[in-house]
Structure formats: structure tokens, C-alpha cells
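Chemist: Quick note, the sequences are listed as chains A and B, same order.
Numbering that gives the first Met the number 0 puts the first residue of the first sequence at 0, with every later residue one more than the last.
Numbering that gives the first Met the number 0 puts the first residue of the second sequence at 0, with every later residue one more than the last.
None of these hints come from the bench; they were simulated from the model.
These numbers come from a predicted model, not from an experiment.
Just so you know, even glycine gets a beta-carbon here, dropped at the ideal spot from N, CA and C.
Among the hints, erroneous ones may be present.
Distance condition first, Cα-Cα at most 27 Å in a straight line; then the derived DSSO-like pairs of lysine-lysine [unchecked claim]:
#, chain 1, residue 1, chain 2, residue 2
1, B, K99, A, K220
2, B, K297, A, K121
3, A, K133, B, K118
From the derived model, a few chain B residues whose C-beta atoms are all more than 10 Å from chain A [said to hold, decoys possible]:
#, residue
4, S24
5, N51
6, L92
7, F104
8, P105
9, K118
10, Q121
11, P137
12, S138
13, H269
14, Q312
15, Q328
16, I338
Letter by letter, the chains look like this.
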Amino acid sequence: MLTNLFPALKLEELWQATYETFYMTILALVGTFIFGILLGLLLYLTMRGGIWENKFINLIVASFVNIFRAIPFIILILLLFPFTNFLMGTIRGPNAALPALIIGAAPFYGRLVEIALKEVDKGVVEASKAMGAKTRTIIFRVLLPESMPALISGITVTAIALIGYTAMAGVIGAGGLGNYAYYFGFQRRDFDVVLVCTIVIVVIVFIFQFIGDYIANKIDKR
Amino acid sequence: MISIKGLQKIFTFDNKQITAVDQLSLDIQEGEIFGVIGYSGAGKSTFIRLLNRLEEPTEGSIQINNQEITQLNKKDLRIARQDIGMIFQHFNLLWSRTVKDNIAFPLEIAGFPTAEREKRVQELIDLVGLSGKENAYPSQLSGGQKQRVGIARALANKPKLLLCDEATSALDPETTNAILDLLVDINEKLGLTIILITHEMHVIRKICNRVAVMENGRIVEQGDVLDVFLHPQQTVTKKFVEQVMGVADESESIHHLINTYNEGRIIRLHFIGETTNQALISQVAKAYPIDINILQGKITQTQRGAYGTLFVQLKGDSSDMEEAVTFIQKNTSVEVEVIRDAH
Ligand SMILES: Nc1ncnc2c1ncn2[C@@H]1O[C@H](COP(=O)(O)OP(=O)(O)O)[C@@H](O)[C@H]1O
Ligand SMILES: [Mg+2]
């Protein structure tokens, strides 16, 4: 039946492309989560009145974040070609897309992390200090757990942006559904392939959104 | 136990300087409940936060149990803070943790092993009356219950000192009383010293032994709660006393009393502490063949007994009335003032 509706579609190729999209998204998401939390924490801790108040470091991190958020993703990939080549030894395939995906998404998520941390009740941080907590304890037992629902919603939004980024990366050779839609659909005038790829991407986005909302709701005890 | 000398805190922002605490000196004894009262902006919160260095003092010294707090390095300060409990107006509980885990948090910080932690948490839950709520989240608790968690958490490391910043200001009157009773209870049971900040005189009245009145970063008056109630010196203090006792001006109502009750003798009784005064009126009425008619008055209970005034009319044989008055003067601390002698 599928072959009747979408004559040009090859299930194996679609499966491979979907797998590559998942692969890129999940790995990039893990990297983005780690680097984003680091950036967000740095921004939060070094801000005015913060635990490690430091104008200089705050300015550097904020500039880094702002600059990389300002660069359109498609241009960022091109800019990062030499870096990617140096790091991964190639500029083609899903792995080669990871550095650009992480560098593109981590600053965005970093800002969301910063906002989430700023929402943590100052009184609670203060109470922890009054109990004699170390900064490490405050970070891992107070700031991160107390902001967890916002951190999860943030990573959900970021994941969806990342799925979009993987499609763009696909067009310049990273593989995945974007790549499949462009080369096997658009360029060959087989628009049924483009359509199916779109549907699969939308479904993937819905899945991420559903999982993110579910977890954020589940852990929110406020 | 606590000795504060020349404490000062100056905030600087926008090139402006605000002296929030100004040359403040104070001694607080072990085991007492010491109240600090003042209007909003007087510098009370800043003062109490200086004691565990949540604010860094600009100047001055703070000795707690012979330890100079202002000289401690970061690590020693953290350890010293574990022995100073603190509770807050808005409770400041971690919403992501259950009651049990909130109370366990200071024990985690102090590095207690899990088994010991659980035992101690259960003791504390029983102490503050939260049995059955162990696994509830703060959002499922009432304000009073949240403050009980706050108190349990503050007591977890068995501190010698408890700091309370407006601990009852977010609670309704009934819950306030329950929390204040709990504070007195732990003060007596554990011998804990309590420093309590408030803008409500009835809180001072109900549980404090001594009180300091703060205005513009300074202590303008201090002493035994009863003395301050009896002889307020400063205008602020008088206003705070009025919060509880009503307006002090009685001359008009006295005049009115004299005119209305033109029989017998009218006396004014000053209650100034001592719990034995409570049955005084009925005692006197039983012991002497006279009638006692309560006309007007206001009595309030402080930590050291009743305080206030009562106008009564005595009717009966002149010598019996004389003896009754002498009895009160000899056997109690109640002061007797004759407003009008018998006709
Ligand atoms: N972090 C701060 N920065 C600047 N000014 C402050 C700060 N904290 C308190 N103040 C000022 O210090 C004064 C005393 O404040 P506070 O101690 O909170 O008074 P209270 O608790 O008696 O209401 C106020 O004028 C307040 O504006
Ligand atoms: Mg205050």
C-alpha cells in the first residue's frame, strides 16, 4: 500500500534516515545538556550578587553565548567546517554534524538554564548557606533539583530546535531525514519522499514534546 | 553567650550609602528568648543576618560561645553555621524534597551517615508535631506546618542558638500562637537560646524574656519585657506597647468611672508580672466580707506573668476594705492605687 501511495519511497532508506536523525539528535542533545548546564551555571554563579560574582568571566561567557546564538545555524556549520574536519576527520555524515549541532544549541540552552536558575527562590539558597552548605552542595542539591522542571522544559524546546538543525545539516551532507528529503526527494522531483520525511519529522517532534512535558509534570511538586 | 560590639553594616549602591545597622552593641544570655522589635526598614533583618554572616559586617565584633564570628575563614564559618539554626518568614523549604528530606538536608550537609540521619529526622518530626506528614511535599502543607518543618530543619544539628526572622509574620493569629508555643517549648526542653525578630509586640509579649527596640539601625531601648511594658521610654516603644495594651490615656475614663460609680471605694490595681496574681480577685472576695465590682481594665499575659491594670470598686465596711487593700499590698506584687476613697 505504501508503495502505491509513495512510489519513490524506499522503506530501508527511510528507516536509515530516521535512524540517523535520532542518532544526531540524541547525541547532540546529551552534549547540549552538559555544556548548556555548564554555561548556564557559569552565567548564574558569576552574575552580580552571585556566589562567584565575577564581572570578567560573566562578560566572556555572556559574549560567547550571545555571539553563537546570533549566528544562523546554516552559516555556523559552514564556519565550523575546518574545526569539524580537525575534530572528526571528516565533514560528511552524522558524526560530523555533532560539533556544529552542540555549538549551535548549547548557548541557547545555556540561556534557558540561566533563566531557570534565576527562578530558584533566593531564600532557599540563603537557607542552605545558613546551614553551612558548600557551593558544590548548593549547586547539586539545591539549584539543579529545584530548577529541574524548567531545565526539562528547556531541554525539550532545545531538542525540537535540534531536530530542525539536523535537517539543515542534512542538506549539506550530514545524513538523516533532511538529507534524504533533499537529495532523494527534492532533487529528483519525487515529492512523495519530501512529504513522508516531513510527516516523520513532525512525529519525532511530537514524541519529544510528549516525553518532555510528561517528565516535567511528573517531577514538579510545587 | 552572645556578645555584640560596635556592629555596623553599610550598604553601598548607586553611589549611595545606607547604614542599615549602626554601632550596635548587645549581650544575650544563654537560654533566653531575646526579642528585637522595630518597624519595617529599621534594620532588623540585616542585624540578624549579620550574626551568621549572611551579610558581611562593615565593622564590629560578634562573639558567639566565645568564638569570634567575624574572624572566621570560609571553612570555619561553614562549620560554625551548622551550630546556628535559622528560620524564615517565608519558610524557605525545598519544594523538590519531602518533609523528611527537607529536615535531613542539614544533616547531609554536616555529613551524618544515612541510618543516623533517619533516626534524628524521626525525633525531630515528633518534636515539632508533624507525625504522619513525613512524605508530604511542602506544597501540600499549611503555613503553620511549613514553619514546623522549618523549625525541625533548623534544630537538626542540635544548635545552641536559633535565629528567627519574622518567623510568624506570614501566619494567621492562631497559627502564630501555636508556633510561638512550640518555640517556648523547645527553648525549655533543649535549653536553646532564641533571638527573634518581629514587628509585632504581641509576639514579644507572649514569649520573650528581654527585648530590644530598633529604630534606624540602632537599639533605642532594651530591657526585661515587663519593664519595657511598664515604663516605655521612647516614642516608638510606647507605640509598640499600645499595639497590645491600647491607648494609655485613661484620665477621661477615670473621671467617668468616678461619676458613674459614686458608692464605695475605687482602686486601680497594677499587675506587673507573677502568675500568682491570677486568682487575686476571688481570693480577696472570699477572705473579706466586701463586694468587689470590676469596672474596667486590660490585662495581658507575658512570659513572666500578667501585666496590665484593672479598675475595681470596693463596697463594704471601711475597715474590711482597708484590710483587703493591705492584704494585696503585703502578699502580692500588685500595686494598689486609690482613685477615690469611700464617701
Ligand atoms: N542588600 C541590600 N542592599 C541595599 N540596601 C539594603 C539591603 N538590605 C537591606 N537594605 C536596606 O537596609 C535597611 C534595613 O533593612 P532591613 O534590615 O531589611 O529592615 P527590617 O528587616 O527591619 O525591615 C533598609 O533601608 C533597606 O532598604
Ligand atoms: Mg525584615
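Chemist: All hints, please: hold or fail.
Modeler: Verification of the hints:
1. B:K99 / A:K220: holds (15 Å)
2. B:K297 / A:K121: violated (43 Å)
3. A:K133 / B:K118: holds (24 Å)
4. S24: Consistent with the label, B:S24 stays out of reach of chain A, its closest Cβ about 24 Å off (over 10 Å).
5. N51: violated (6 Å)
6. L92: Its Cβ does come within 10 Å of chain A, the nearest being 7 Å, so this is violated.
7. F104: violated (7 Å)
8. P105: violated (4 Å)
9. K118: Fine: 19 Å to the nearest Cβ keeps B:K118 off the interface.
10. Q121: holds (19 Å)
11. P137: Violated, because the least Cβ-Cβ distance between B:P137 and chain A comes to about 8 Å, which does not exceed 10 Å.
12. S138: Contrary to the label, B:S138 does not stay out of reach of chain A, its closest Cβ about 6 Å off (not over 10 Å).
13. H269: The assertion about B:H269 holds, with a minimum of 43 Å to chain A.
14. Q312: Label holds. Min Cβ-Cβ 55 Å, cutoff 10 Å.
15. Q328: holds (51 Å)
16. I338: holds (53 Å)
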